[in-house]
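Peer 1: Using the hints, position chain B against chain A.
2 protein chains.
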Amino acid sequence: MKPTVYIKDLSKFVNEEVTLKGWLYNKRSSGKVKFLIMRDGSGYSQCIVFKGNVSEEIFNLADTIAQESSFEITGLVKKEPRSVGGYEIDVHNLKIISLAHEYPITPKEHGIEFLIDHRHLWVRSKKQTAILKIRHRIVKAIRDFFDERDFVLFDPPIITPNASEGTSTLFEMDYFDLGKAYLTQSGQLYAEAGALAFGKVYTFGPTFRAEKSKTRRHLTEFWMVEPEMAFYDLNDDMDLAEEFLEYIVQSVLKDREEELKILERDLTHLQKVKRPFPRISYDDAVEILHKKGIEFKWGDDFGAADETAISEEFEKPIMVHRYPADVKAFYMKRDTENPKLALAVDVLAPEGYGEIIGGSQREDNLDTLLQRIKEHDLPEEFFSWYLDLRKYGSVPHSGFGLGLERTVAWICGLEHIRETIPFPSMIYRNTP
Amino acid sequence: MKPTVYIKDLSKFVNEEVTLKGWLYNKRSSGKVKFLIMRDGSGYSQCIVFKGNVSEEIFNLADTIAQESSFEITGLVKKEPRSVGGYEIDVHNLKIISLAHEYPITPKEHGIEFLIDHRHLWVRSKKQTAILKIRHRIVKAIRDFFDERDFVLFDPPIITPNASEGTSTLFEMDYFDLGKAYLTQSGQLYAEAGALAFGKVYTFGPTFRAEKSKTRRHLTEFWMVEPEMAFYDLNDDMDLAEEFLEYIVQSVLKDREEELKILERDLTHLQKVKRPFPRISYDDAVEILHKKGIEFKWGDDFGAADETAISEEFEKPIMVHRYPADVKAFYMKRDTENPKLALAVDVLAPEGYGEIIGGSQREDNLDTLLQRIKEHDLPEEFFSWYLDLRKYGSVPHSGFGLGLERTVAWICGLEHIRETIPFPSMIYRNTP
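Going down the list, the protein sequences come from chains A and B.
In terms of this note's numbering, the first sequence has 232 at position 232, counting the first letter as 1, and numbering is strictly consecutive.
In terms of this note's numbering, the second sequence has 70 at position 70, counting the first letter as 1, and numbering is strictly consecutive.
In isolation and in its complexed conformation, chain A is listed as follows:
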């Protein structure tokens, strides 16, 4: 019953008769010939119905198939370099599985709201299919990278018991008789427990931000991968981050060139993503802004426009390190050479795609960490288990987080992050 041949494998069946099952992507007619373009999820293939080769019934059937109808065809596979996919089917038989109603997504331009309303159908389009196949390849590259390097997968909880840094950007819910609980924003604190057990771990799962940001870079629900390594300092962390990004981009280039071409992506930008990446300090980055005549006060965090202005100066992802500690999280270790600086690093993607990685060396001294928690007015009791990690075998350690959807948007060259995930959640919509 299930298909025995998929379109992507047609090269193995040249001059053989095969049966394909799929959907009508497009059709055209030219007198005694009908051209049906079938898609089956694995690829596209032109199926040719010659009036002389089939019964009149079947020839007429070919006329009735509407866009996105499901059908089955049997025919001879022929090599045809000019045809989509490089092969054609010379049809002998044709069966309609289900005639589609009038398909809402037509070749004409549709507004974005209309398309997202029909996201369950829009994912069938050539461009959306290409994006999601690239997303899949990126996910696989991420997992392979860490698996090959002996990291242990360490899935952190999604529902977390307490709001470590205020509840304003958290999704809140009732958790049985235990009071309020919140959707995770990051698995990092848990990953630190993992690093001290396994040496090197990574988390990879959905994270949530109930932030009222309606920009082309924000989703309320997105996937994040977070490696955490015992005995790694900030430099080791940066070495790993650049090796990681090179690995992801080069894997996609190797295996998804066809999909990148469908997206009309300029590959030269991606081909340049090779180590080493430029490493500049926050101070250097501020100087770049000032030289470009952009007003920026030392001590502030960079906004999206600043990030674009900085990354414009480089062809590769750049690593900006050593930020003012005041704009960074409480758990980051300070630079011994200048305690006003945190041993943090942000990696900015080229072409204005902004921050895709944020990382740091973590504070490993119990007393210092406790002091930071007090300075930040955080509830000490919530962090008792986290402080334990500094009581029992504390070691220097570092990690970073990479946002999956921003990485997909960058690699695919997309304007808006909403096309990087099957069903995007934004503050103004969470359907279908």
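Just so you know, the hints here were simulated from the structure itself, not pulled from any lab data.
In this text the structure is predicted, and so the values were computed from the model without any measurement.
For every residue, glycine included, the Cβ atom is placed at its ideal position computed from N, Cα and C.
Among these hints, one or two may not hold up.
What the hints assert, rightly or not - Derived lysine-lysine pairs resembling DSS-like cross-links, with alpha carbons at most 25 Å apart:
1) A:32 - A:79
2) B:140 - A:254
3) A:108 - B:391
4) B:391 - A:2
5) B:180 - A:140
6) A:51 - A:32
7) B:212 - A:180
8) A:391 - A:214
9) B:95 - A:391
10) B:8 - B:78
11) B:2 - A:2
12) B:391 - A:127
13) A:328 - B:254
14) B:180 - A:212
15) A:140 - B:254
16) B:126 - B:254
17) B:2 - A:391
18) A:2 - B:274
19) A:79 - A:126
20) B:27 - A:391
21) A:214 - B:180
22) A:140 - A:127
23) B:2 - B:78
24) B:2 - A:274
25) A:140 - B:133
26) B:261 - B:27
27) B:108 - A:391
28) B:140 - A:133
29) B:79 - B:126
Claimed, not checked - Listing some non-contacts, in silico: residues in chain B with all C-beta distances to chain A over 10 Å:
30) 82
31) 177
32) 216
33) 268
34) 272
35) 295
36) 334
37) 370
38) 414
Peer 2: Below, chain B without anything else, positioned relative to chain A:
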């Protein structure tokens, strides 16, 4: 700064001097020799401090190291088959990184509540480490299986807009100005949209059940993988499920034998997990219960005790198919030969581990599905996008879901599911 050698790679450094970084797992002393067992996450190694080989200062330092202190040792690697891991370190130098406070988890027996309170430290123990490394291998096998077979990863939303089947077992939250939203229980309906776009897809992510079940088989948060395939009927679905389970179990046996031995798992049970698996109908299963003198009414769903009684009769996972439609979900296709039956399959693990897979062929007829939605008193407007999948190119399709944590519990031979995930969430606790 980061380690250049990990314990698991010691075989490559025999008779060479290496520096290891890790934590003190255990120690003993015998006059002029101190034996320090280091763990570094990759393995365990015995480090031997001979009084004659090191300074008095270092010899005394070896005394002060408490359990779980972090330290660095430099020494010569020697082959020693009787030693843990097969190699020993003849120590030349020793540096303490951080002395641990008195470690709460001692070799004595601790109660389970105490251990879960200290889950962030408990994960360092030999048994917990082994379980989580097996979990990782299972996750990798799951992804590899589908990736190798050209399935496309299709991440469904976690926060879902509507409660399709009542809200009693759902975690509920406010979603900006859009009203209530709920944590997903399954990505299946979304995966069906994916199958019609890509042919074959899988989802793999956390799912949630706010069920007040306090049993050894229930977590409120658990990971589920759900493949969904266009043009697959129930038999194809069962073929895939048995190939999948064999693949997972045989991958773990191949690569995680050491960890299975730490858990004292009887490997003979796992070695038997090879195709074909027995396939019995619901009717056959009821007959088995009746033959065993167990009271059971035709039409009811099996409880945990029934599942155990049925699976006891077999050495392999068994597939029970064609359930009374009334106990199964609205979207399941009926058996044309007996419309009282749903084309459903549950796979029961051996050794009493219960249901690990639930699957079915889906109803693909628009009118029939609409009628089912009405019969189940479900809100039709919520399903309008789902019904679209039957309007535009409907095809026979099937899928199933496998619960990750139950699979880990079965393969590891665990009593309770709470040890199968780094930080388990149960109705009575969600900390640390």
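Peer 1: Could you work out which of the previously given hints the structure breaks and list their numbers from low to high?
Peer 2: 5, 8, 11, 13, 31
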